[in-house]
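J.: Given chain B, put chain R in place with the hints provided.
There are 2 protein chains.
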Amino acid sequence: MAIRIGIVGYGNLARGVESELRKNPDMKLCGVFTRRDPSSVTLRTEGVPVYSSSKIPEMKDDFDVLIICGGSATDLPEMTKEYAKYFNVIDSFDTHAKIPEHFAAVDASAKSANKVAVISVGWDPGMFSLTRLYSNCILTEGNDYTFWGKGVSQGHSDAIRRVPGVKNGKQYTIPVESALAAVRSGSNPELTTRMKHTRECFVVAEEGADKALIEKTIKEMPNYFSDYDTTVHFISEEEFNRDHQGMAHGGFVFRSGTTGFDGEHKHVIEYSLKLDSNPEFTASVLIAYARAAYRLDQQGDSGCKTVFDIAPALLSPLSGDEIRAHML
Amino acid sequence: MAIRIGIVGYGNLARGVESELRKNPDMKLCGVFTRRDPSSVTLRTEGVPVYSSSKIPEMKDDFDVLIICGGSATDLPEMTKEYAKYFNVIDSFDTHAKIPEHFAAVDASAKSANKVAVISVGWDPGMFSLTRLYSNCILTEGNDYTFWGKGVSQGHSDAIRRVPGVKNGKQYTIPVESALAAVRSGSNPELTTRMKHTRECFVVAEEGADKALIEKTIKEMPNYFSDYDTTVHFISEEEFNRDHQGMAHGGFVFRSGTTGFDGEHKHVIEYSLKLDSNPEFTASVLIAYARAAYRLDQQGDSGCKTVFDIAPALLSPLSGDEIRAHML
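These protein sequences, in sequence, are chains B and R. So in this note's numbering the end of the first sequence lands on 1773, straight run, no missing numbers. So in this note's numbering the end of the second sequence lands on 1773, straight run, no missing numbers.
Because the hints were derived from the structure by calculation, they are not lab data. Predicted, not measured: the structure shown is a model, and the values here were computed from it. Each hint should be verified, as a subset may be incorrect.
It does not matter which identical chain is used: a pair holds within one copy or between any two.
[Unchecked claim] Cross-link-like lysine to any residue pairs, in silico, SDA-like; alpha carbons within 25 Å at most: (1) Lys1473 x Glu1709; (2) Lys1556 x Asp1766; (3) Lys1530 x Gly1765; (4) Lys1473 x Ser1598; (5) Lys1556 x Glu1767; (6) Lys1556 x Gln1690; (7) Lys1468 x Thr1591; (8) Lys1530 x Ile1619; (9) Lys1543 x Gly1765; (10) Lys1505 x Pro1522; (11) Lys1656 x Asp1746; (12) Lys1468 x Gly1765; (13) Lys1595 x Asp1707; (14) Lys1595 x Glu1622; (15) Lys1595 x Leu1625.
One chain only, chain B, in its complex shape:
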């Protein structure tokens, strides 16, 4: 019988889960929960019911795993620990600094309900974290480097849109090619914030706005832009809508280290992602870990997990014999 999956939310990430679940025949989308009026939500998949979020507790026997597609700022800190009382759950919580706190809250909730929860699943945190951990365990002496982009930073785009006179805006984070090359060479460079990424902003100004002032305000904004080489392009709303709706992203993780009695041998590990659709890729990772969450629950495990705690074989629909024969 297929693993019964529920989705909480119906934004970009949830729609990614909806499309990618279709490629996993051992899993079945059995319902979507929304805080909106369910009759206002139309899924792309026929025959799947939409429920009000308020029904979640009473449907605890109808789903094997809930994939919670909420925001990290306010949704997930409340939702994941609450829904772990009723279901195996998984989320993509990505506020790095608050992961320990989120982990503790979800762990307590999942353990008391004897359920499995997996948090912070996606690509960063997620696949990038795995690369950092594996690489650090192998190259114990070395340096870590993470680069993001080219891709949209939601936080920086929001910051642009708060500048007076800005009607709309989008910010791309771009890794600096020469910094990537220096890391790749194994030279273990020390890189300042400015040396690693540039920031490129596309701004639609309100009519009559002072563009020079907008540009200055953006470039001098502390934390967000002042430590970076930032470019600001003013474009029309038409251009904005035509050219800046994409959800591509990606990035690079490196570990560069040495081995040998005298540290005489250099090694560089590089992992990179080029993603046309950030939400669909993140959804694909969530789905693989939802399978693992189900299996861990079946094995009698419980509590909160991260990608670090889950053996890779649990992600695959194939048997141990099959993966050893074809992928090892």
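T.: Chain R alone, transformed into the frame defined by chain B:
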């Protein structure tokens, strides 16, 4: 108390384990086993005893994990299943086609002795296998590509040395840049053997040998060279000894796939290694998995495992709290 490690063998890989263990303060090299006369083997680490391999069974209480550094052709198929009767063991068995057979034999032996064995640990099989598995679980629709090099292929170097008139020889496998670029672009190219790698041979000919015939014989050798664009360089013994003693290697693993309701979004996952010392890097992976083997044994687990079966957190000397705080 430190994890007590024994090494079986004292070739390049074993010497790599010896040097890299020094960077892992939670582990201690407690002895090396050799088939040679122990008095003929001088370790680089002071105070560590060398024992005859024949003593292995009687020392079963003196080591927590044995790292078996033998060849995959004849050593490991015998050694790993035998020593798993007495110790937790780990090897780097890399004959891909024979992994299922090796796994079954070692599993039976380790289970009956209630020990943990980990086989096929290194970078391929090993880290490359992990990348293939994770990437396939995420991008269920797509293609896999593995490239090796630039690095020495032992099997191809041996084949060169068997050609009449050849005194010494070394073969480098080199990935084709244009093929890497095509894969990286996400175009999912179909690549023949010839399109993926070239082979470069450095040959020391015996005096008076027919170099044209040697070159022809190498280039036309079935399985080894005939399907590749092969270059043969004749060099002096002095040049050979000066320039071709390195043990650098590396390679690339890609998964290129699509997501979306209509497969409209492309994604490329790339993992690559650039290694100055193949044996020291492989040794570093073995050491991390030796830690995991010890922990699994402490948890009461037993039987044969591969990198697929081991949760990443088990590889790290750090606690779950620490890795969540710093690497997730």
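J.: Now look at each hint and say whether the structure bears it out.
T.: Results for each hint:
Taking the closest pair of Cα atoms, Lys1473 and Glu1709 come within 25 Å of each other only across two copies (22 Å); inside a single copy the shortest separation is 53 Å, beyond that limit. In this assembly of identical chains, Lys1556 and Asp1766 lie within 25 Å of each other by CA distance solely across copies; the values are 17 Å between and 32 Å within a copy. In the homo-oligomer, the alpha carbons of Lys1530 and Gly1765 lie at most 25 Å apart only across protomers (23 Å), although the nearest pairing inside one protomer, at 31 Å, exceeds that limit. Proximity of Lys1473 to Ser1598 under the C-alpha cut-off of 25 Å is found in neither arrangement, the shortest distances being 32 Å within a copy and 46 Å between copies.
With identical chains, the CA atoms of Lys1556 and Glu1767 are at most 25 Å apart between copies only, with a shortest distance of 21 Å across copies and 33 Å within one. Taking CA atoms no more than 25 Å apart as the test, Lys1556 paired with Gln1690 passes in neither setting, with 41 Å inside one copy and 56 Å between copies. In the homo-oligomer, the alpha carbons of Lys1468 and Thr1591 lie at most 25 Å apart only across protomers (24 Å), although the nearest pairing inside one protomer, at 30 Å, exceeds that limit. For the identical chains of this complex, Lys1530 and Ile1619 are neighbours neither inside a copy (41 Å) nor across copies (54 Å), given an alpha-carbon limit of 25 Å.
Taking the shortest Cα distances, Lys1543 and Gly1765 sit within 25 Å of each other only across copies (15 Å), while inside one copy they are farther apart (35 Å). Taking CA atoms no more than 25 Å apart as the test, Lys1505 paired with Pro1522 passes inside one copy only; the shortest distance there is 20 Å, against 50 Å between copies. Taking CA atoms no more than 25 Å apart as the test, Lys1656 paired with Asp1746 passes in neither setting, with 58 Å inside one copy and 66 Å between copies. With identical chains, the CA atoms of Lys1468 and Gly1765 are at most 25 Å apart within one copy only, with a shortest distance of 20 Å there and 33 Å across copies.
For the homomeric pair Lys1595 and Asp1707, the shortest alpha-carbon distance between copies (24 Å) is at most 25 Å, but the shortest distance inside one copy (38 Å) is not. In this assembly of identical chains, the alpha carbons of Lys1595 and Glu1622 lie at most 25 Å apart whether taken from the same copy (11 Å) or from different copies (23 Å). Proximity of Lys1595 and Leu1625 under a CA criterion of 25 Å is satisfied in both settings, with 13 Å inside one chain copy and 20 Å between copies.
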